[in-house]
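Novice: Chain order of the listed sequences is A and B.
Remember, this note's numbering sits 9 above the position in the first sequence when you count from 1.
Remember, this note's numbering sits 1222 above the position in the second sequence when you count from 1.
A few of these clues could be false.
[What the hints assert, rightly or not] Sample of chain A residues at the chain B side, in silico, Cβ under 7 Å:
1. C312
2. G313
3. A334
4. R479
[Claimed, not checked] Here's a subset of chain A near chain B, in silico, CB distances under 7 Å, partners left out:
5. R314
6. T336
7. R363
8. S438
It should be emphasised that the hints constitute simulated quantities derived from the structure, not laboratory data.
Don't be surprised by glycine CBs; every beta carbon is placed ideally from N, CA and C.
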Amino acid sequence: MSAFRAGLRALFDYADSLLEQAFGARWNPCAQLGALGWLCFWLVAGTGIYLYIFVDTGVTAAYESVESLTHRQWWAGGIMRSLHRYASDAMILLAGVHLLREFAHDRMRGVRWFAWVTGLLLLPLIYACGVTGYWMVWDRLAQYVAQTTTEWLDALPLFAEPLARNFLDASHLSGRFFTLMAYIHIFAPLALLLFMWVHIQRHSGARVNPERGLAIGTLLMLTALSLTWPAMSQPAADLGTVAAVLPLDWFYLAVYPLIDRHGGAAVWLGVLAAGAVLFALPWLPPLRRPLPAVVDLNNCNGCGRCATDCPFGAIEMAPRTDAAAYTQQALVDPDRCVSCGLCVGACPTATPFRRAAALQAGIELPELRAAELRDQVVAIGGGLTVRPRILVFHCEHSAPLPHADASLGIVPLPCIGMLPPSFLDFVLSRGHADGILLAGCRSGECHFRLGDRFTEERIAGLRDPALRERVPRERVGLTWCGTTERRRRLADLGAFRSALLQAPAAVSAPVHGRTAWRLAAQAGVYTVSALLIGTVSCWPNYRQLEPDAAVVKLSFSHAAQRVEACAQLTTAELARLPINMRVRTNCRRDRWPVTVDLVFDGKLLYHGTHLAAGLQNDGPSTIYRRFAVPAGPHALTVRIRDTGRTSGYDYEASRGITLRPGRSFVIDFASAGTGFTFRGSEG
Amino acid sequence: MGFLEWRDDFRIGIPEVDHEHRQLIGLINSLHGRLVGPGQGAGIGEFLGELHAQISAHFALEETVMRSRRYAEFADHKQDHERLLDEIREIMDGYELHGRYDARTLSDALDTWFGEHFRTRDARLHAALATAGD
Ligand code: HEM
Ligand code: SF4
Ligand code: SF4
Ligand SMILES: [Fe+2]
Ligand SMILES: [Fe+2]
Chain A
10 MSAFRAGLRA LFDYADSLLE QAFGARWNPC AQLGALGWLC FWLVAGTGIY
60 LYIFVDTGVT AAYESVESLT HRQWWAGGIM RSLHRYASDA MILLAGVHLL
110 REFAHDRMRG VRWFAWVTGL LLLPLIYACG VTGYWMVWDR LAQYVAQTTT
160 EWLDALPLFA EPLARNFLDA SHLSGRFFTL MAYIHIFAPL ALLLFMWVHI
210 QRHSGARVNP ERGLAIGTLL MLTALSLTWP AMSQPAADLG TVAAVLPLDW
260 FYLAVYPLID RHGGAAVWLG VLAAGAVLFA LPWLPPLRRP LPAVVDLNNC
310 NGCGRCATDC PFGAIEMAPR TDAAAYTQQA LVDPDRCVSC GLCVGACPTA
360 TPFRRAAALQ AGIELPELRA AELRDQVVAI GGGLTVRPRI LVFHCEHSAP
410 LPHADASLGI VPLPCIGMLP PSFLDFVLSR GHADGILLAG CRSGECHFRL
460 GDRFTEERIA GLRDPALRER VPRERVGLTW CGTTERRRRL ADLGAFRSAL
510 LQAPAAVSAP VHGRTAWRLA AQAGVYTVSA LLIGTVSCWP NYRQLEPDAA
560 VVKLSFSHAA QRVEACAQLT TAELARLPIN MRVRTNCRRD RWPVTVDLVF
610 DGKLLYHGTH LAAGLQNDGP STIYRRFAVP AGPHALTVRI RDTGRTSGYD
660 YEASRGITLR PGRSFVIDFA SAGTGFTFRG SEG
Chain B
1223 MGFLEWRDDF RIGIPEVDHE HRQLIGLINS LHGRLVGPGQ GAGIGEFLGE
1273 LHAQISAHFA LEETVMRSRR YAEFADHKQD HERLLDEIRE IMDGYELHGR
1323 YDARTLSDAL DTWFGEHFRT RDARLHAALA TAGD
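Chain A on its own, in the form it takes in the complex:
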């Protein structure tokens, strides 16, 4: 598992490097997948409202209304429809990559379980939105979706009557069911929005809006895709027909062919097993968890900076619990703390200028106290003898550094954001080094979300505590590199070293690539994404039925005979009963199972026994089975046994039929009156 995770992480890191070169650190789409997901949600919601104005949610008029929107209003409604579809597809794609990415970076431990688990809960909601959406069009694809979805749900022991019977043939089609789906299609997105909001509740300042340039690029991409490859309907639904070949949207319907092939129950098992593993991941080994931050009341005056900066909302400003003259104090919720140390970096008392013995910050990481950090800085700085003496503060989650030597000292940190700016002032003003290199995660992708941003803002004087202006900026270098970017890190180190030699010339971050190249690369990324979305949303085709096959559906609901005939009680027997139970006819309620045989051209195609429904087996037995058979003339015999007899049948019918390719044929049964009915494509 951990090898898989490491591999995936390296893969992401390479992709990140490329994307960062094309888009720059701020626009890097990989660093804002969640925010892009939000953008797509708003896009889907907005276009959905437009579609709702024009589309009929009744089963008879739905298809026509969508068709007319698509063709007669292609310049607006058509584009809206396509955007609605493609943005939904993009959402699945983004959620999937986002999931893999959080997994690869192991961002699910400790408190982070919350975002992980709520994120997983978003998936079924997104799918519910998408599946009901395809239903709304009521074309052949919708028909397939309706049939397979209901068959899949029927594999759960939830419904007394198979839902799939609603789509047996035109005579069973129910407008109410269709309208129910329309409601789900409207309410599931609202639930999704609520859960998306819950999903980021434990992230202070979670990013829900992508960088404007990236948002515009994404919108342009989806619009271009919609114009060149508009979303279209299949022919109108017709329950007597089975579409042999269908263009599936694999983003949403990838499991449907599996349901056809392996049955609903097997796919449920698979989905639930995969879900259980995913849900359990935050608690699976390796489990090491560093100690959470602790507050020292003697050094905390309740200024609140730590609470402002904690990326996980783990600090609350609470009423004082000691007798000090202050009203507030910081209070850490250890269950939400990930031990990043950003709070230490924010606390004004975490300054190394203090007396070494007294150096105790208002908030501390027990595993790396400010005093220890100061001691390390002094000791490691003291070991540097060759100029330029470089002291690197190294984030443990970022690209590795070369070995320390006489001109390179390394102080490891859980996150660069843990370093209070006064440490930079201290190191440089006291001459513990000639230059400081802050080596953290890739820009915008801090392992603890915000460390790189806060560091830059503190250095620029935009965030408290600010790095004092007197600190020579040319002696402070930044290198933001992902885990695999060893070479880039070496290059940054080299550049910093030579800049130091010529100091006070400013050290500027190396700029990657030229503008034209970058624009072209961005266009390339958008094109590939658009092609991916457009293609997977309708290709490859799925063959539901062989070319010259037809479908026979055997389905009915029938209450078998009761196991015991009702007994007539004698007057004497009645008199012995309590007065409120004196009923002359005493019936046991349970019924026999129904046994069904379907003989097809002399061969037994189906044989099954169906128990009566209900806790006391007193309801009807139901059956719903679908068979693909060769087209052409056939001889059919159906037999039913609904009593306790051990041989022979209670009902039987035979028929010679001719099945046309791609048509479906229904065998139904009603004990009262009609008996067996045969409906569908005959001769």
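For this one, chain A is given, so just place chain B with the ligands on it according to the hints.
Specialist: Chain B with the ligands alone, transformed into the frame defined by chain A:
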């Protein structure tokens, strides 16, 4: 050159800020005592470091108070805090690195350094909060 002295009308009316003002004045005065008193300047560097830490924390708290009350002159007041922090760092380095230390000048410098801010910016904050409060 006068000593800073705590007076009741220095009170801003926010107990924790008042408490820190009183503490800081005490701290500066005791530094003053050390500088000119007997035993002349022992442990001054560390003392300055402690003062620096406390004053940083004090400014952080005062800024939070100002922000939460939407104090109109916040920007100006905050800028003065930053200037003071720069200055105390100059004083610290002057002492620590260059042995620039003359009891009387250092003492004067500290007095003007904090006293000035205290008598102007913090007093104005006091006035503003007093009228806004009740
Ligand atoms: C379309 C659906 C989703 C949207 C819109 C979404 C959105 C977001 C956003 C905005 C953030 C905050 C990022 C930040 O500012 O640092 C986030 C974080 C996170 N998401 Fe999602 N997410 C979605 C689906 C998922 C899924 C399916 C998972 C997988 C389980 C997931 C797992 C996580 C995790 C673990 C974090 C926390 C990362 C951290 O602790 O730094 N999300 N998501
Ligand atoms: S930053 Fe430090 S002093 Fe301020 S509230 Fe947090 S722990 Fe207390
Ligand atoms: S270490 Fe500090 S900033 Fe980081 S999560 Fe814990 S309390 Fe929040
Ligand atoms: Fe002030
Ligand atoms: Fe003050």
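Novice: Are the hints correct? Go through all of them and say.
Specialist: Status of each hint after checking the structure:
1. C312: 4 Å, holds
2. G313: At about 5 Å, which falls below the 7 Å cut-off, the nearest Cβ of chain B leaves the hint on G313/A intact, so it holds.
3. A334: It holds, given that the least Cβ distance between A334/A and chain B is near 4 Å, below 7 Å.
4. R479: At 6 Å from the nearest chain B Cβ, R479/A passes the 7 Å test, so the hint holds.
5. R314: Holds, about 6 Å.
6. T336: Because about 6 Å separates T336/A from the closest Cβ in chain B, which is inside the 7 Å limit, the hint holds.
7. R363: 5 Å, holds
8. S438: 6 Å, holds
Checked against the numbered hints listed earlier, the structure breaks none of them; every hint is satisfied.
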